[in-house]
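Enquirer: Using the sequences and the hints given, assemble the complete structure.
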Amino acid sequence: MVEKARSINITATLLLIIGIVYIVGPLYLTLSTASQSYEYMLRNGLAWIPGGELFANMSKVIHETRIPIQMLNSMTVAFSNALATCALSFLSAYAIVYFRIRWAGIVFALILATIMLPLDIRVITTYQVASNIFSPLNAVLDFTGLNSLIADIFGTPVHLELSVLDTRFGLVAPLVAHGTGTFLFRQFFLTLPKDLFKAARMDGAGPIRFLIDILLPLSRTSVASLFVLTFLSGWTQYLWPLVGASTPDMQTAVVGLARLVPDADGQVPDFPMIMAGAVLVSLVPLAMIALLQRYLVQGLVLSEK
Amino acid sequence: MFSHRWLPLLLVAPLMLLVVLFFYIPVFQAFYWSFFLEQPFGGGSQFVGLENFKRVLSDPEFWMAGWRTIVFMLTASLLAVVVPLMLAIAADRRIALSFPARNILVWPKGVAGASIGVVFAFLFNPFVGLMAPFNTLFPGAWNPGIDGTDAFITLVAAHVWSGIPFNFVILLAGLRSIPHTLTQAAAIDGAGPWRRIFDVQLPLIMPQLFLTFVLEFTESITSVFALIDTITKGGPGGSTTLLVYKIYVDGFSGFDLSGASTQTAILMVFVLLLAACQFFYLGRRINYER
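Here the protein sequences line up with chains A and B, keeping their order. Okay, so the first sequence: first residue is 1 according to the working numbering, each after it adds one. Okay, so the second sequence: first residue is 306 according to the working numbering, each after it adds one.
Just so you know, these hints were derived from the structure itself, not from any lab. Don't take each hint at face value.
Stated by the list, open to error - Taking lysine to aspartate or glutamate and the EDC-like style, the derived pairs with C-alpha atoms no more than 16 Å apart in a straight line are:
(1) A/K198 x A/D213
(2) B/K538 x B/D397
(3) A/K4 x B/D494
(4) A/K60 x A/D270
(5) B/K538 x A/D263
(6) B/K538 x B/D455
Unchecked claim - Some, not all, of what chain B presents toward chain A, calculated at C-beta under 7 Å:
(7) M306
(8) L312
(9) V317
(10) P331
(11) V353
(12) A406
(13) K414
(14) P431
(15) V433
(16) M436
(17) A437
(18) T527
(19) F530
(20) T535
In this text the structure is predicted, and so the values were computed from the model without any measurement. Ideal Cβ placement from N, Cα and C applies to all residues, glycine included.
Expert: What follows is the structure, encoded as structure tokens:
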């Protein structure tokens with residue numbers, strides 16, 4: 001279509017320039033400040049031009065802080081979050097869509113409801129559950145009177161205790177309890193042609209065979225999209241790793257980065273070192289976005305439909 | 306469809322177990338504890354009826370935090386939708402910058418809220434940050450450490466920064482799925498590109514616009530925690546203590562489990578009501594047909 005659109009194209013270009021500067025500006029200033037010395041920053045404030053101290057600041061972060069081991073934790077948390085979310089939501093969406101079960105609607109609604117109340121809102125009581133994952137069971141035993149019965153017979157009531165705080169499982173599990181993945185896979189399964197299923201049945205494929213040989217290969221891009229999405233969300237979590245892990249060696253890199261900033265006022269903090277830490281912490285997810293952008297965009301769009 | 310007695314149960318069980326354990330039980334417990342006086346460190350509990358609610362609702366701090374939450378929610382989420390909307394409309398045009406922009410505007414998705422919080426705390430630092438030269442000209446013009454409004458602006462700027470990718474991608478996808486025939490028909494009818502924004506594009510991406518608002522309202526209330534904790538710590542003088550931060554401080558620093566649970570319960574009801582209102586009043590007016 002050919003039409004005169006000079007004024008709108010100029011406006012659009014200007015808008016995009018502003019948008020790009022808004023996004024890239026802070027990232028650039030982070031990088032340029034990270035490449036200057038502390039003394040330079042004290043004299044000149046934030047750095048507009050990059051200097052030569054980037055690797056010195058980064059090695060300060062690597063050798064003097066716990067960021068390296070925390071980045072390893074972030075890697076584990078993000079990776080297991082992505083893997084567990086993909087696997088578990090794939091299986092549950094499969095059961096909901098491809099099995100004749102009466103409770104499919106209820107289960108789907110129950111899983112989907114988790115999207116409404118994010119983990120950050122219910123952190124207080126999630127922490128309590130994580131500090132003893134058997135506490136609900138204990139409460140049920142107490143409440144139903146079973147425990148007094150058990151106490152009569154065996155002498156003591158049942159009281160089980162297992163804390164998942166400060167463990168990798170505890171850092172990941174509450175993140176997996178989320179409905180986006182199930183929703184995404186369900187929507188995807190519903191778009192697949194019905195004849196696929198009929199043909200597979202006719203050829204004698206059972207539920208497991210259909211899942212592995214037909215559904216899984218077809219879902220490769222959906223799985224990849226969800227994987228990228230949940231990996232990034234696992235890496236960038238803040239509040240849950242902050243309370244779920246109390247020892248520095250168990251915390252994730254984002255929490256470790258926030259801890260680099262001293263609490264007390266007074267002396268100007270070593271911002272170049274902190275910015276070098278911010279660069280290090282954001283390197284992995286940003287690289288992932290650069291390489292797998294197609295899947296990320298697809299995942300964002302799919303999770304909405 | 307397959308008929309199988311126990312296989313579907315087995316398939317759903319792992320996720321359902323996690324959802325029950327880490328979602329439904331915590332949600333239930335927050336409501337349950339709001340009727341009990343809980344001692345920290347498992348020191349026993351005592352039924353107190355509505356005492357907790359009376360205590361929380363008569364606390365001016367709670368109302369202040371609630372009010373700030375609403376102000377933040379309205380300003381931050383409005384900006385976090387309108388800014389990506391304008392960018393998406395711009396990037397939808399066939400101009401040289403639209404391809405790099407589509408790539409670059411997704412980057413913030415990879416930067417954690419807390420990381421960008423640390424960066425913005427530095428950029429808006431009154432002594433060494435962006436405003437430092439301005440501050441030497443007009444002493445005291447910008448200081449988020451003292452002025453509550455400055456601190457609030459910093460939070461909003463950081464929130465919009467990290468909210469751009471999701472809303473931009475969703476809105477751009479909506480714009481790109483508008484059929485070309487409609488655009489061409491409008492053009493033949495004499496509607497120029499400016500006119501078409503309001504008469505074709507905006508009405509047709511209402512579903513996406515509605516969705517980004519619904520999600521953004523909840524998002525702005527909860528994800529702001531990472532920003533507050535890294536930029537302002539709720540200060541100066543509590544002027545950026547939003548409800549989600551107050552709950553954290555009350556629960557984890559003040560060990561007031563009952564108070565924190567009661568506020569959690571109130572916040573949950575607020576979030577759910579908000580979503581329900583949006584769905585019933587706004588959602589119905591939206592035309593999903595194309």
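Enquirer: All hints, please: hold or fail.
Expert: So, going through the hints one by one against the coordinates:
The straight-line distance between the Cα atoms of A/K198 and A/D213 is roughly 14 Å, inside the 16 Å bound, and the hint therefore holds. For the hint linking B/K538 to B/D397, the alpha-carbon distance of about 39 Å lies beyond 16 Å, and the restraint is violated. Annotation: proposed proximity of A/K4 to B/D494 holds, straight-line Cα distance about 15 Å (limit 16 Å). Of the pairs offered as hints, the one joining A/K60 and A/D270 holds, with about 11 Å between alpha carbons and a cut-off of 16 Å not exceeded.
Only pairs whose Cα atoms come within 16 Å are accepted, and B/K538 paired with A/D263 is accepted, the gap being roughly 9 Å. Restraint check: the Cα-Cα separation between B/K538 and B/D455 comes to about 14 Å, which is no more than 16 Å; the hinted pair holds. Taking 7 Å as the C-beta contact cut-off toward chain A, the hint placing B/M306 at the interface holds, the least distance being around 4 Å. With its C-beta approaching chain A no nearer than about 6 Å, B/L312 sits inside the 7 Å limit, and its interface hint holds.
A cut of 7 Å between beta carbons decides the hint on B/V317: the least distance to chain A is about 5 Å, and the hint holds. Checking B/P331 against chain A: minimum C-beta separation of about 4 Å stays under 7 Å; hint holds. Residue-level restraint check for B/V353 is violated (minimum Cβ-Cβ distance to chain A is 17 Å; threshold 7 Å). Taken as an interface hint, B/A406 checks out: its beta carbon lies about 5 Å from the nearest beta carbon of chain A, inside 7 Å.
For B/K414, the interface hint holds, the least distance from its beta-carbon to any beta-carbon of chain A being 6 Å, beneath 7 Å. Among the interface hints, the one on B/P431 is violated; its C-beta lies about 10 Å from the nearest C-beta in chain A, farther than the 7 Å criterion. Using the Cβ-Cβ criterion of 7 Å, the hint placing B/V433 at the interface with chain A is satisfied: the shortest such distance is roughly 4 Å. Checking B/M436 against chain A: minimum C-beta separation of about 10 Å lies over 7 Å; hint violated.
Given hint, B/A437 at the interface with chain A, holds; its Cβ is 5 Å from that chain's nearest Cβ, closer than 7 Å. Against a cut-off of 7 Å between C-beta atoms, the interface hint on B/T527 holds, since the closest Cβ of chain A lies about 4 Å away. The restraint placing B/F530 at the interface with chain A holds, with a minimum CB-CB distance near 5 Å, inside the 7 Å limit. Interface hint at B/T535: satisfied, since its Cβ lies 5 Å from the closest Cβ of chain A, which is below the 7 Å cut-off.
The structure is inconsistent with the numbered hints 2, 11, 14 and 16, although it conforms to all the rest.
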